[in-house]
Amino acid sequence: MAKKGKQDEWIPTSCNMCFNGCSIRAHVVDGVVEKLEGNPDSPTGGGRLCGKGATGIMQLYDPDRVTKPLVRTNPKKGFDQDPGWKEISWDEAYEIAAKKWQEAYAKGPTNITTYNMVANNSMFYIFMLWSKGAMGVNWTGSDICGAGIHRLYDQFSTTGNAAPDYRLCKMVINFGTNAGVATRHGFNMSAHRLAEAREKGCKLVTVDPYMGASAQASDQWVPIRPGTDGALAMSMGYVLVHELGIYDAEYLKKYTNAADLVDLETGLIMRDEETNKPLVWDPTDNTAKLLRADDVQDQALWGVYEVNGRKCSPGFQLYADKVRQFTPEYAETITTVPAETIRQLSREFGETAGIGQTIVIDGVTMPYRPVSVDLFSGVTRHKHAFLTEWAVLFLNMLVGAYNVPGGMISFSAKCTGNDHGFVSWDPASVDNEDLMLGHNGLYYNTGTTSDFQKSKDALTTPAAHWDKTGQDLGLLGLQPFNPAELHFTYMTQGRGKEYGQKDQELLFCFAGNPVSNWGSEEDMVRYMESFKYVICLDIYLSDTTYFADLILPECQYLERLDPPPNAQYTHHTPGDLETPWAVTIRQPVVPAKDNCPSSMEIILELTKRVGKLPNFYGLLNSIIPLTGDNALDVMGEYRWEEILDRIYKQWTGHGLNWFKKNGVYTWPRKPEEVYLYPFTDMRIPFYYEAPLIYKPQVEAAVKESGIEWQQIEDYQPLPGWEPCTEFYVKNPEYDLLPVYYTSPLNTDSFLQNNPWIDEINEADPYGYTIEINAETARRKGLKDGDLVVIENSHGSKEEGRIVCVEGVHPEVIASSSGCFNSRSEFFRRAQGKGVAFAKLCPVDHDHYDHLVAAYDQCVRCKITKKG
Amino acid sequence: MTYCMVIDMKRCVGCGACATMCKQENGTRPGVFRSKVMKKEIGKYPNVKRVNLPMLCMHCENPPCVDVCPTGATSKDKDGIVTVDPSECVGCRACVTACPYEARTFMEDGDGYFGKQLCPFEKVKYAEHPVGTVDKCTFCKPRLEKGLEPACVQTCVADARIFGREEDLMGMIQRRRGYTLRSELGTAPHVYYLP
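Protein sequence lines, in the order shown, are assigned to chains G and V. Position one of the first sequence corresponds to residue 0 (numbering that gives the first Met the number 0), numbered consecutively onward. Position one of the second sequence corresponds to residue 0 (numbering that gives the first Met the number 0), numbered consecutively onward.
Please note that the accuracy of each hint is not assured.
Said to hold, decoys possible - Some, not all, of what chain V presents toward chain G, calculated at C-beta under 7 Å: (1) 9; (2) 16; (3) 19; (4) 22; (5) 23; (6) 118; (7) 119; (8) 157; (9) 192.
Claimed, not checked - Partner residues are not named here, just some residues of chain V that face chain G (Cβ under 8 Å, in silico): (10) 113; (11) 158; (12) 159.
Stated by the list, open to error - Taking CB as the label site, the calculated pair distances span: (13) V:74 to G:362: 55 to 63 Å; (14) G:653 to V:43: 52 to 60 Å; (15) G:243 to V:175: 33 to 41 Å; (16) V:30 to G:782: 40 to 48 Å.
What the hints contain is simulated information worked out from the structure, not anything from laboratory work. Note that the coordinates shown come from a computational prediction; the quantities given were computed from them, not determined experimentally. Here a beta-carbon is modelled for each residue, glycine too, at the ideal position from N, C-alpha and C.
If we strip away everything but chain G, and leave its shape as in the complex, we get (with noise of 0.2 Å):
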């Protein structure tokens, strides 16, 4: 409603107070953005704005966001150094941008890196893309939480997100999560799903070593040791298949390969030697035949035979031997979780999936499995995390609940396009043979084939390899499970002659803040300094600028028109069947501040300085993919206004002036693109032989490489649990394990100078503390309050004000974030507050999964009282 001789509009965009771009409404009078909400035309977000986007305002009009380029005078770099920030104009940014690309790129594209993170998650994909299709350098991303977990997702789901099917679930078991509760990919689209099908009497369960929001809202907390989750799945799978034999066999034998034969002296599948196709055991005429052939009437999952002169098992068979060293009593003793709890958390598990349930669907009969394990960050940082996160998701499996209404989802595991040109995808035409093994190439848009074909590519040519030309710094040929996490180079950078790696000598870094969100300041700080050169692209000056030497700003996200949010394969939009597809859009509500460009507009003006449009224009045609009319012309040269229209029209038949006006485009999602089964007889992996394929060759490329790499014995074919570094206590005094956690509120280092969140920080009794077990504190002689040292045995050190909790592991110490405590007197109200966990954590081979370069956060550390 209008008000009276003022200029007042709801104008539709997107939020960006995280990576998840929920689309909103801003409420625009007379120019001042008064109001921000939940779009309810759009499925993503559904109408809902969370916590911080509601901030979102207090960010647009902060007034230490930088909107004017500036460069370093100050040659000195530190957080003891004034950078000396001097403003220059947008055409001597760009030159200097530009001459320091085409003289690092002249020595080599792998001279320059670039770095995102998702502060401006919409560019995530692109910019990658950009990095690494267009301009031909390397690119660093950061996922730390998702390292293996994506992986994984794409092994049993297809397409690197999943989540429960949460309106039909009635068991959730979150492990080190706070996932359909209170953050994570499309945690605005899954909270209202998973409250309501709590109040329908799902089951909450939450397995985490901190009383975080998701164990808060459970039904139960099962404390647990940290790094020690793969040991309670793998007894969990014990219980299942050795005392109360609940496991869904006959979704075993369809869906999956664990009746596949498996040759016990190689570990690799049993094939047909004129098909190639898998052997089966027959148990009802003893006889071993080709999978899936006429003349199967059973398969056996049990067994020890011979076959052609060799002995051989079912890959069911080698779990059920893997797991019954996990019995509930030995998994108690790694775990602290009490072998009863284990027993009981198994049977209920067990019995609610219901096996053998059916439900109808569109009048499509479909087996239903309500029960769920999901889990996230907390379980993958930790060396072995591969392993780990694999035991968790396994449970899924055994239970029959991949890909079934009620069980575990993919986000969006199949696409048919739409009546226009959007994408679409199908796991069963990536590899039309009887195992499916995920899409990570539309996730990682590696353009990479499947880790199935990967796996049989493997046979011929080793998937591990060892780079003698030095342009891996990320040493991902070492690391074939790893679809492209650059975290090696974390460690390698500036020290490329020892890895026989070249360094890179140019930075640039967008969106993202490398010095706080991994690991300890040293090592950080070294990673900055090895750089002969630093952009940032940032909209604060946050502590990495303090290492940077051109700052070019991007406006803010209310002032800007980015790509489509989400349009990377709604990655973040967790899909069942009443959520539609989607395509939004992120524009301006009001003129930019100091007519400060966007990301998107900055990079095209750099990639025209350096003669690259022709590539980037290709690339686009490429990957959206952009046809016919809406085709650019790789000789031409576009404002970002048209291609964006050109992008909107191919996917959606629209251009960007409907966008504009009415912000979202959908259309329903079908049953077979939400539940794969039985759609498909595409078959999961229960046994996994590409590891086995794979182990030689990282053993030849490494031994070849001189580096000392670590994890051979991980590359198993079957999941498992194995300690992580510090796992065992040395010196007594280092006896704590020091956690965090992403609270709703608080999740990436941008949000932390928002004066709202700060505020709500520091009234919250837990906000900018560290917790600790109050019978811990008593006998370590503590009180609330107490102003507290935390040391590694590294020689890293955090202070922070103790709090005395119920809801902590008693070997455990939590602090929210883990990337508090800016450095940066650019950050106003960040600066000094809070505790930085994340700093405790030293960057080395012993903290680094080295099949997934996830990262090891478990560092025992000693407390004591300051003064």
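Starting from the known structure of chain G, fit chain V onto it as the hints suggest.
Below, chain V alone, put in the same frame as chain G:
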């Protein structure tokens, strides 16, 4: 007719969206939270519960704040909403002390969140909240007049809040064993919690 709000504690995830959305909607000054989430722990490790308690003005049937207001600035309207008329409020703070739910805040100074210089949002919004008076939740009365729900209800990511006429909701509240906070005081709140 009496308005009431029902907060489903089983659904609430303690995310604080109610608190920040309220700040936006009502443009309240620093230090003022008409809506907020209190936290407390009950029990001993490992048998512990952490409770997120969303708080706002309880819009009591018998509001102690109305009784103590010397000027009549605080009053209860025909729909049961307790409001402060800033033009009549003298800032004596008797109501702040009288309220058992800490739902009222006295606005002491005119600084904004970024210091003395108010940002454009604050310039518009703070005009409605004069310094020297007391601020509190109004169930988003201006929104109700437009036929909208209170902002905290509209945005709740877990759909934990229900707003409506008490006559319509009382059956459900009783059936689900809804309770009020500090009922022993006889304030008879119109904000109910479902266990």
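Hints, one by one, checked against the model:
no. : hint                       : verdict
1   : 9                          : 6 Å, holds
2   : 16                         : 4 Å, holds
3   : 19                         : 4 Å, holds
4   : 22                         : 6 Å, holds
5   : 23                         : 5 Å, holds
6   : 118                        : 4 Å, holds
7   : 119                        : 5 Å, holds
8   : 157                        : 4 Å, holds
9   : 192                        : 14 Å, violated
10  : 113                        : 5 Å, holds
11  : 158                        : 5 Å, holds
12  : 159                        : 7 Å, holds
13  : V:74 to G:362: 55 to 63 Å  : 59 Å, holds
14  : G:653 to V:43: 52 to 60 Å  : 59 Å, holds
15  : G:243 to V:175: 33 to 41 Å : 35 Å, holds
16  : V:30 to G:782: 40 to 48 Å  : 29 Å, violated
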